[in-house]
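Asks: One-letter residues, chain by chain:
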Amino acid sequence: MPGGGRCPDCGSTELVEDSHYSQNQLVCSDCGCVVTEGVLTTTFTDEGNLREVTYSRSTGENEQVSRSQQRGLCRVRDLCRVLQLPPTFEDTAVAYYQQAYQHSGIRAARLQKKEVLVGCCVLITCRQRNWPLTMGTICTLLYADLDVFSGTYLQMVKLLGLDVPSLCLVDLVKTYCSSFKLFEASPSVPAKYVEDKEKMLSRTLQLVELADETWLVTGRHPLPVITAATFLAWQSLRPSDRLTCSLARFCKLASVDLPYPASSRLQELLAVLLRLAEQLAWLQVLKLDKRSVVAHVGDLLQHRHMLVRKAFRDGTAEPDALDAREKELQGPGQGQGWGKEDRGNGSVDLSAGKRPASPTLLLPPCMLKPPKRICPTPPVCTVTGDENISDSEIEQYLRSPQEIRDFQRAQAARQAATSVPNPP
Amino acid sequence: MLFLHFKIYFPDDLAPPRSPLLSPIVPYDVYIPNSSNPETMFNSQLEEVTETSGNFSSVDLSFLPDELTQENKEQTVIRSKHETEENCKTKSWQSRLPLPSQQDVDLALNSSGGSNSHSHLHPGDADSAQPSPEKPHSLPLASITPMTPVTPVSGCSGIVPQLQNIVSTVNLACKLDLKKIALHAKNAEYNPKRFAAVIMRIREPRTTALIFSSGKMVCTGARSEEQSRLAARKYARVVQKLGFPARFLDFKIQNMVGSCDVRFPIRLEGLVLSHQQFSSYEPELFPGLIYRMVKPRIVLLIFVSGKVVLTGAKERSEIYEAFENIYPILKGFKKT
Numbered sequence: 001m002p003g004g005g006r007c008p009d010c011g012s013t014e015l016v017e018d019s020h021y022s023q024n025q026l027v028c029s030d031c032g033c034v035v036t037e038g039v040l041t042t043t044f045t046d047e048g049n050l051r052e053v054t055y056s057r058s059t060g061e062n063e064q065v066s067r068s069q070q071r072g073l074c075r076v077r078d079l080c081r082v083l084q085l086p087p088t089f090e091d092t093a094v095a096y097y098q099q100a101y102q103h104s105g106i107r108a109a110r111l112q113k114k115e116v117l118v119g120c121c122v123l124i125t126c127r128q129r130n131w132p133l134t135m136g137t138i139c140t141l142l143y144a145d146l147d148v149f150s151g152t153y154l155q156m157v158k159l160l161g162l163d164v165p166s167l168c169l170v171d172l173v174k175t176y177c178s179s180f181k182l183f184e185a186s187p188s189v190p191a192k193y194v195e196d197k198e199k200m201l202s203r204t205l206q207l208v209e210l211a212d213e214t215w216l217v218t219g220r221h222p223l224p225v226i227t228a229a230t231f232l233a234w235q236s237l238r239p240s241d242r243l244t245c246s247l248a249r250f251c252k253l254a255s256v257d258l259p260y261p262a263s264s265r266l267q268e269l270l271a272v273l274l275r276l277a278e279q280l281a282w283l284q285v286l287k288l289d290k291r292s293v294v295a296h297v298g299d300l301l302q303h304r305h306m307l308v309r310k311a312f313r314d315g316t317a318e319p320d321a322l323d324a325r326e327k328e329l330q331g332p333g334q335g336q337g338w339g340k341e342d343r344g345n346g347s348v349d350l351s352a353g354k355r356p357a358s359p360t361l362l363l364p365p366c367m368l369k370p371p372k373r374i375c376p377t378p379p380v381c382t383v384t385g386d387e388n389i390s391d392s393e394i395e396q397y398l399r400s401p402q403e404i405r406d407f408q409r410a411q412a413a414r415q416a417a418t419s420v421p422n423p424p
Numbered sequence: 001m002l003f004l005h006f007k008i009y010f011p012d013d014l015a016p017p018r019s020p021l022l023s024p025i026v027p028y029d030v031y032i033p034n035s036s037n038p039e040t041m042f043n044s045q046l047e048e049v050t051e052t053s054g055n056f057s058s059v060d061l062s063f064l065p066d067e068l069t070q071e072n073k074e075q076t077v078i079r080s081k082h083e084t085e086e087n088c089k090t091k092s093w094q095s096r097l098p099l100p101s102q103q104d105v106d107l108a109l110n111s112s113g114g115s116n117s118h119s120h121l122h123p124g125d126a127d128s129a130q131p132s133p134e135k136p137h138s139l140p141l142a143s144i145t146p147m148t149p150v151t152p153v154s155g156c157s158g159i160v161p162q163l164q165n166i167v168s169t170v171n172l173a174c175k176l177d178l179k180k181i182a183l184h185a186k187n188a189e190y191n192p193k194r195f196a197a198v199i200m201r202i203r204e205p206r207t208t209a210l211i212f213s214s215g216k217m218v219c220t221g222a223r224s225e226e227q228s229r230l231a232a233r234k235y236a237r238v239v240q241k242l243g244f245p246a247r248f249l250d251f252k253i254q255n256m257v258g259s260c261d262v263r264f265p266i267r268l269e270g271l272v273l274s275h276q277q278f279s280s281y282e283p284e285l286f287p288g289l290i291y292r293m294v295k296p297r298i299v300l301l302i303f304v305s306g307k308v309v310l311t312g313a314k315e316r317s318e319i320y321e322a323f324e325n326i327y328p329i330l331k332g333f334k335k336t
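If you read the sequences in order, they're chains A and B.
Each residue of the first sequence is one higher than the one before, starting from 1 at the first, in the UniProt record's numbering.
Each residue of the second sequence is one higher than the one before, starting from 1 at the first, in the UniProt record's numbering.
Treat the hints with care, as some may be off.
[Said to hold, decoys possible] Here are the simulated SDA-like pairs of lysine to any residue, each with C-alpha atoms no more than 20 Å apart in a straight line:
(1) A:K114 - A:G161
(2) A:K158 - B:F278
(3) B:K180 - A:Q411
(4) B:K241 - A:R405
[As the list claims (entries may be wrong)] Calculated from the model, a selection of chain B residues having no Cβ within reach of chain A, i.e. all distances over 12 Å:
(5) T169
(6) F195
(7) G312
Honestly, the hints are just simulated from the structure, not real lab data.
For every residue, glycine included, the Cβ atom is placed at its ideal position computed from N, Cα and C.
Use the sequences and the hints to build the structure in full.
Replies: Okay, here's the thing in structure tokens:
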């Protein structure tokens with residue numbers, strides 16, 4: 001047989017291909033020795049010796065694309081198409097999948113993980129190109145658990161050493177807002193609820209920017225903040241008709257899922273707006289509350305930069321002359337960035353309504369709430385690790401013989417009870 | 001007169017290891033020791049200390065390299081976090097350093113095994129250290145401030161991370177009958193279908209142990225290294241009382257978790273941008289930023305409220321050092 005094969009027994013080069021029970025065999029025509037059975041040889045040296053090698057030890061694993069990998073690559077492309085991503089994204093995502101697949105940990109992972117890996121590759125591609133795709137969306141599309149997704153995602157980022165930028169909030173606002181079905185009248189959406197897309201988008205963006213500035217976005221899931229901002233923007237564009245509509249009803253109208261934290265984000269956003277309103281002269285007299293402030297959101301947003309500067313101060317900022325008097329009233333301990341409770345929330349208004357409320361500390365809501373429990377200072381510990389251990393201390397943990405017998409009896413009784421679940 | 005205790009710490013029969021590289025990564029001159037704080041004493045050149053003030057002028061620190069190599073770092077790690085005595089039972093992990101035979105001494109101060117711990121304490125001149133032991137000190141242990149490793153209480157931040165959890169392992173070196181342990185011990189639970197170990201708890205120190213049939217044990221929940229060791233010994237004693245020939249080999253602290261509060265809010269988005277290669281901030285997954293510090297190898301969870309959790313340490317000093325490293329970075333993000 002051409003190819004340089006030699007019979008291991010007699011060294012003859014006269015090897016003949018023969019079919020035996022439909023299995024290809026290479027037989028030496030001189031001595032009859034069967035050199036190989038089957039044709040699945042893939043290592044180079046073994047191919048030289050015409051010897052069969054198991055697939056897992058062959059180089060085929062590295063050269064060929066395994067079926068599971070092929071399936072995965074297919075899923076990556078499908079996912080990109082479902083999400084209507086630009087064509088270049090597909091190639092990048094596929095490349096990431098292949099890269100990940102080279103690692104043995106990924107290759108040996110369960111199918112569930114490989115499924116989720118598809119989503120991770122697409123997500124990383126989108127993040128790197130500033131395409132606003134949330135993990136929640138991908139998990140919904142893949143029918144995957146967010147926990148499994150997060151584990152695989154973090155592992156992949158670490159394994160491949162990737163630099164994944166954060167989710168771009170502005171783009172996310174634009175795509176998310178556009179998905180609200182409120183821009184055309186329909187049987188479910190009365191005319192007074194229909195809104196112009198551009199106006200709503202711009203106002204939502206301003207509100208999200210305000211939320212970001214006032215610590216409502218850091219550390220939180222971005223989507224509920226945007227939902228709350230969208231709702232507030234929509235309400236404030238026609239407050240007289242829309243104040244009666246609740247957040248839940250709004251999301252239902254717009255056929256968008258209401259994320260659970262959105263209502264608390266809404267309250268936080270309204271609280272910030274109220275604080276800003278206290279700085280505007282013509283709004284101070286109105287004594288606004290969380291409902292009435294909605295009507296003035298437009299004004300507040302127009303002057304938001306100036307108002308934020310006036311309404312809030314971070315702990316290190318120098319209070320200006322206007323607030324100098326109020327500073328001495330507050331006493332020591334300020335200027336440290338501490339914010340246990342709101343200070344000056346109208347309470348230091350010396351002449352009612354004439355002066356704007358003193359600035360409160362600009363802090364994330366978690367720092368404004370009083371601590372749930374005072375952390376006790378740990379007692380000074382003088383344990384050396386080598387003290388004597390008294391016998392009595394150890395014996396308190398041991399059962400007496402009577403107790404052991406009782407326990408065994410109880411265990412046996414329980415076993416008997418569980419083994420006969422339905423006594424007649 | 002606390003540094004009296006330091007002198008006692010040098011046994012005369014012991015030559016400290018030759019490695020001069022026993023300091024933490026940050027050179028000593030960064031720390032401005034607070035002379036009123038006893039713990040900062042450790043920073044000073046102990047063999048020369050005659051006063052409590054942090055007088056570094058006479059000390060030659062030029063031999064200190066800019067960076068520790070990994071090998072030397074391991075040697076520093078070996079030094080005892082158990083500031084008090086070394087138990088000869090824990091000889092195995094000490095054997096990495098060339099030590100003479102252990103003397104099983106009750107009082108911490110005389111411990112010869114303290115060499116690897118106090119070899120850290122006189123980093124100045126390891127080669128020429130003249131250990132001058134004093135007569136055995138007879139002060140009761142309780143009156144001695146537990147010695148914490150080099151990092152002073154308030155390096156530049158004024159905040160000391162509190163240890164919250166210590167995980168340690170020890171080898172009891174005998175096969176155990178878990179069913180028997182679960183039967184005879186009140187504080188044990190054993191559910192072989194769920195987990196192949198006995199879960200035992202003691203009240204003082206408040207800890208939990210996982211005891212495996214191979215004789216290996218994991219002890220969690222202690223708030224200090226000494227407590228973890230004491231707790232592990234108590235568990236071993238319980239197992240002994242149940243009739244097993246339990247020993248106490250290879251006690252090792254595997255992980256230490258600490259936490260603290262910097263007291264100002266932190267812009268996590270900014271931090272992840274400026275320290276991309278170390279940080280991972282995914283608000284969709286977890287509200288905190290995960291910072292993987294390279295030196296020391298500690299993982300920090302940084303939250304917007306300013307609370308910081310440090311984990312992954314094998315030594316208390318790693319936690320302190322990691323916090324001192326991160327504090328200036330966090331301060332940079334203090335302003336909104």
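Asks: Tell me, which hint numbers fail for this structure?
Replies: Those not satisfied: there are none.
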